[in-house]
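Enquirer: Chains A and B, in that order, are what the protein sequence lines are. The opening position of the first sequence corresponds to residue 1 in this note's numbering, with each subsequent residue numbered one higher. The opening position of the second sequence corresponds to residue 1001 in this note's numbering, with each subsequent residue numbered one higher.
Everything labelled a hint here was simulated from the structure, so no lab data went into it. Careful: at least some of the hints might be erroneous.
What the hints assert, rightly or not - With a straight-line cut-off of 30 Å between C-alpha atoms, the simulated DSBU-like cross-links for lysine-lysine are:
#1 K271(A) / K1293(B)
#2 K1293(B) / K319(A)
#3 K1235(B) / K1145(B)
#4 K1310(B) / K314(A)
#5 K1310(B) / K1099(B)
#6 K1293(B) / K1235(B)
#7 K1310(B) / K1461(B)
#8 K180(A) / K146(A)
#9 K1145(B) / K314(A)
#10 K1310(B) / K1235(B)
#11 K1235(B) / K319(A)
#12 K238(A) / K1293(B)
#13 K1099(B) / K314(A)
#14 K1512(B) / K1544(B)
#15 K271(A) / K1310(B)
#16 K1145(B) / K1045(B)
#17 K1293(B) / K1310(B)
#18 K1388(B) / K1452(B)
#19 K1145(B) / K1099(B)
#20 K238(A) / K1310(B)
#21 K134(A) / K32(A)
#22 K1187(B) / K1045(B)
#23 K1388(B) / K1461(B)
#24 K176(A) / K116(A)
As the list claims (entries may be wrong) - Stretches of chain A that chain B covers, calculated by requiring three or more beta carbons in the stretch to come under 8 Å of a beta carbon on chain B:
#25 196-202
#26 298-307
Just so you know, even glycine gets a beta-carbon here, dropped at the ideal spot from N, CA and C.
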Amino acid sequence: MRGISLAALFFVAALSAQDRVAEGIEEFRQGKYADAQATLEQALRQKPGDPHARTFLALSRAAVGGCDSAANDLSAAFTTSQDADLRRLAGLALAQCHLAHNRVDAALPVVVELEKQFPADADVLYEAAKLHMKAWNDVVFQMFQKTPASYRVNQVSAEIFEVQGRYADAVAEYRKAIEKNPAAVNLHFRLARALLMQSHTPDAMHEAREEFAAELKLNPNDAVAEYETGQILLAENKPQEAVARFERALALAPDFAEALLAVAKLRSDAKRYTDAIQLLERAARLQPENESVHYNLMLAYRNAGRNADALREKDVIDKLQRPPAGEFTEFLKKLGEKAPNQ
Amino acid sequence: MKRAVVLLVAATLAADSAELPDFRNIATQAGLDQSFPNGGNESKKYIVETTGSGVAFIDYNNDGLLDIFVLSGPGGTNRLYRNDGNGHFTDVTEEAGLKSNGWSQGVCAGDFDNDGFTDLLVTSWGGLALYRNVDGRRFENVTAKAGLKQDRARYNTGCAFLDYDNDGHLDIFVANYLKFDFATTPKPGENPYCWYRDIAVNCGPRGLPFDHNILYHNNGNGTFTDVSDASGISKPNQSYCLGVLTGDFNQDGRTDIFVACDQTPSLLYINRGDGTFSEEALVRGAALDENGKTMSGMGATSTDYDGDGKPDIFRTNFSDERETLYHNRGSGDFDDATIAAGLARNTRWVGWGCGFFDFDNDGWKDLLLVSGHVFPEVDRLNIDIRYKDRAILYRNNRDGTFTDISELAGPGILERHAARGAAFGDYDNDGSVEIVINNQNEPPTLLKNAHKPAGHWAILKLEGVKSNRSAIGAQVRVTVEGHTQLEEVRSGGSYLSQNDLRLHFGLGSATKMERVEIRWPSGIRQVERDLDADRVITLREPVK
Chain A
1 MRGISLAALF FVAALSAQDR VAEGIEEFRQ GKYADAQATL EQALRQKPGD PHARTFLALS
61 RAAVGGCDSA ANDLSAAFTT SQDADLRRLA GLALAQCHLA HNRVDAALPV VVELEKQFPA
121 DADVLYEAAK LHMKAWNDVV FQMFQKTPAS YRVNQVSAEI FEVQGRYADA VAEYRKAIEK
181 NPAAVNLHFR LARALLMQSH TPDAMHEARE EFAAELKLNP NDAVAEYETG QILLAENKPQ
241 EAVARFERAL ALAPDFAEAL LAVAKLRSDA KRYTDAIQLL ERAARLQPEN ESVHYNLMLA
301 YRNAGRNADA LREKDVIDKL QRPPAGEFTE FLKKLGEKAP NQ
Chain B
1001 MKRAVVLLVA ATLAADSAEL PDFRNIATQA GLDQSFPNGG NESKKYIVET TGSGVAFIDY
1061 NNDGLLDIFV LSGPGGTNRL YRNDGNGHFT DVTEEAGLKS NGWSQGVCAG DFDNDGFTDL
1121 LVTSWGGLAL YRNVDGRRFE NVTAKAGLKQ DRARYNTGCA FLDYDNDGHL DIFVANYLKF
1181 DFATTPKPGE NPYCWYRDIA VNCGPRGLPF DHNILYHNNG NGTFTDVSDA SGISKPNQSY
1241 CLGVLTGDFN QDGRTDIFVA CDQTPSLLYI NRGDGTFSEE ALVRGAALDE NGKTMSGMGA
1301 TSTDYDGDGK PDIFRTNFSD ERETLYHNRG SGDFDDATIA AGLARNTRWV GWGCGFFDFD
1361 NDGWKDLLLV SGHVFPEVDR LNIDIRYKDR AILYRNNRDG TFTDISELAG PGILERHAAR
1421 GAAFGDYDND GSVEIVINNQ NEPPTLLKNA HKPAGHWAIL KLEGVKSNRS AIGAQVRVTV
1481 EGHTQLEEVR SGGSYLSQND LRLHFGLGSA TKMERVEIRW PSGIRQVERD LDADRVITLR
1541 EPVK
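If we strip away everything but chain A, and leave its shape as in the complex, we get (with noise of 0.2 Å):
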């Protein structure tokens, strides 16, 4: 009778806990994290090995801002726990907790690992994005207060003005740069970029081609710039010496999928679709989800008298345009597609 009733009482204490951790962890779904906080002591006084009591008292503790406490039992349940939505819960605040602290260095490898394991996981990503976003502005403010007048300082803001769109600003801050380090690679070739965003007519191109060329005398073996340059003349109306630059920056980087292209359609429009099928085919190898060289490929293999193939490389355009399954526009048209009032 007394151990049938001891082991009732257990049994009862134990549901007790047992309750109390589950009520704790819906208060914490609710966000109620104070009750929760509450809670989940007193279920831990009860039974104070439990891991989920422990791990989503920490949880709670850091969605307070009670992260020092938190810390510790973050780290174990990330590091240790069997429990994979444990885990990414306790990796994510832990990451919040080191970033809300400025611990950059300490926030770095849980994101890191939290991406590992997690790596289409929306708010991984989103951890992630923020802590690289935190770790640049950091080293960029730092490096306006300590190197305030170098041409990095020049560079870094033409490339923030080139993100918000803002080109003209952009042009100025590179020539800022230039000024400062004529013989510094890589700016005259962004400059040139930021002057073909910011307009296209005969003049903006002109200066564009002169700043890709300086590019090209710091460092001749830049494909891009030798690409860039072959637009600019292809756009000139000059399609022979457009193709001289577009095969030498093939010639520097033979995988380079646009040089391909570029060389491709001069082969075509010069009626060689022999030649140009090759060299779409090889571009369609190194990128078989690029649209572009789908496109000349099908209109090659047609002016070839290929019309089977032509037919095939349309099937694989229509695929390709066709938008992503989930995407913003897709959503959209459902819900255009509710017939509109008239």
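Place chain B on chain A using the hints.
Expert: This is chain B only, laid out in the frame that chain A set:
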């Protein structure tokens, strides 16, 4: 040696200056002084404010002089201006029965009942209006009677009369842009498709639902039947369609249809000859640009610009895109010849109405396109893309290339407007082609060349007998001094507009056309020789 070089330079300069036109906007003195409202001027809340409207050169009263019909958005009316024959036009909208109110988009002309008077179709967001020309005196709205009343408010854009089955009765093709209504369309900034360079702008076309194009078959008794499904026209339904261009692109004697589409592949309906069409733009190389990318196609026009005997296609596109010149390889397959033809440099304009015409009458068609952005808000950015902008005029270099001469071609070309439709025709029959342009919220532009072209010319007015009376679909080859020009009588075209149904040919120094060959839609071939230049010549289909 030095002398030779100097002479060569002098000769080049002389040739250049001799061939430069001097286009002036004479709209006000010609009586075209009313403004045509079309949505907002500072900002546009809905896409429907951006796409209108077209304009037409037609001779509605058969007096041999081209009249002008201009379409309007709400707050105004479509207006018909009668050509008084003295350089002045008179507004005859009321007496002609053409008063309207709504979002008029496109206009196309053709004699659908073969009574000898040119009828009009007007497309709108909302529906269609078929105006039967009653004896050249007034127009009767016969939309319902003809069976063209639509079951819902459709966003009809470009249109064309065409005889796709060559039965002598003109059918109707109508492009549709998308499904739109004011209640459900998101407002500026409401989703990612409602932004332009960080400015909240009207939404679309991306994100708005597609619609399909329509083909109406002429039953020969004044009524039409919707054959969109049976003909295969409605099958492509993933494109936002605007400008319509008809023509026999594969030279099989049947009329095909090219449609310029916005942010989606353009369409090329190939006429199979059995009442059906197959859409083949992609594989024929006329859907995308040379990189396989979709363009924002607006207007389209066609000619044989390089004199190789095949009709080519030109399409206007959005800013930051090149216009597209599709060179016909024969049998209706095309190559993108934009760069090779020297048309790749102008990328800051949103192009709309366009046309090949021979401003200097040298026998080679030049090219004009008009422009204006869809977002008035773009002016806030202070960049080189502007809401109102100028036209672009390219001179045909006679070697498959063009030269941009816009800045040397007179003040009319340089005027800035939010232009849309443009129609081409010689309204005073002096051998020099004029252009009428519909500007949003402004009076139209009427461009006249103040510099009389040096070359001789001829205008051919074709009259079908077995074929449809307007001769739409007839192809004409004019040969002078070994150079043959190819043109086709077309309804619709440019951007939602109607050019003169007569065909204008520049003849250079020739005072006669050595050979004029007409392939009528009926299949009848007619050859005329040694026709005199510098006049309008009417040619009637020879039927035994």
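Enquirer: With reference to the structure, classify each hint as holding or not holding.
Expert: Against the structure, the hints come out as follows:
| no. | hint | result |
| --- | --- | --- |
| 1 | K271(A) / K1293(B) | holds (22 Å) |
| 2 | K1293(B) / K319(A) | holds (14 Å) |
| 3 | K1235(B) / K1145(B) | holds (27 Å) |
| 4 | K1310(B) / K314(A) | holds (25 Å) |
| 5 | K1310(B) / K1099(B) | violated (41 Å) |
| 6 | K1293(B) / K1235(B) | holds (22 Å) |
| 7 | K1310(B) / K1461(B) | holds (22 Å) |
| 8 | K180(A) / K146(A) | holds (17 Å) |
| 9 | K1145(B) / K314(A) | violated (43 Å) |
| 10 | K1310(B) / K1235(B) | holds (28 Å) |
| 11 | K1235(B) / K319(A) | holds (18 Å) |
| 12 | K238(A) / K1293(B) | holds (23 Å) |
| 13 | K1099(B) / K314(A) | violated (48 Å) |
| 14 | K1512(B) / K1544(B) | holds (27 Å) |
| 15 | K271(A) / K1310(B) | holds (18 Å) |
| 16 | K1145(B) / K1045(B) | violated (35 Å) |
| 17 | K1293(B) / K1310(B) | holds (25 Å) |
| 18 | K1388(B) / K1452(B) | holds (29 Å) |
| 19 | K1145(B) / K1099(B) | holds (19 Å) |
| 20 | K238(A) / K1310(B) | holds (26 Å) |
| 21 | K134(A) / K32(A) | holds (29 Å) |
| 22 | K1187(B) / K1045(B) | holds (7 Å) |
| 23 | K1388(B) / K1461(B) | violated (36 Å) |
| 24 | K176(A) / K116(A) | violated (41 Å) |
| 25 | 196-202 | holds (count 4) |
| 26 | 298-307 | holds (count 4) |
Checked against the numbered hints given earlier, this structure breaks hints 5, 9, 13, 16, 23, 24; the rest are met.
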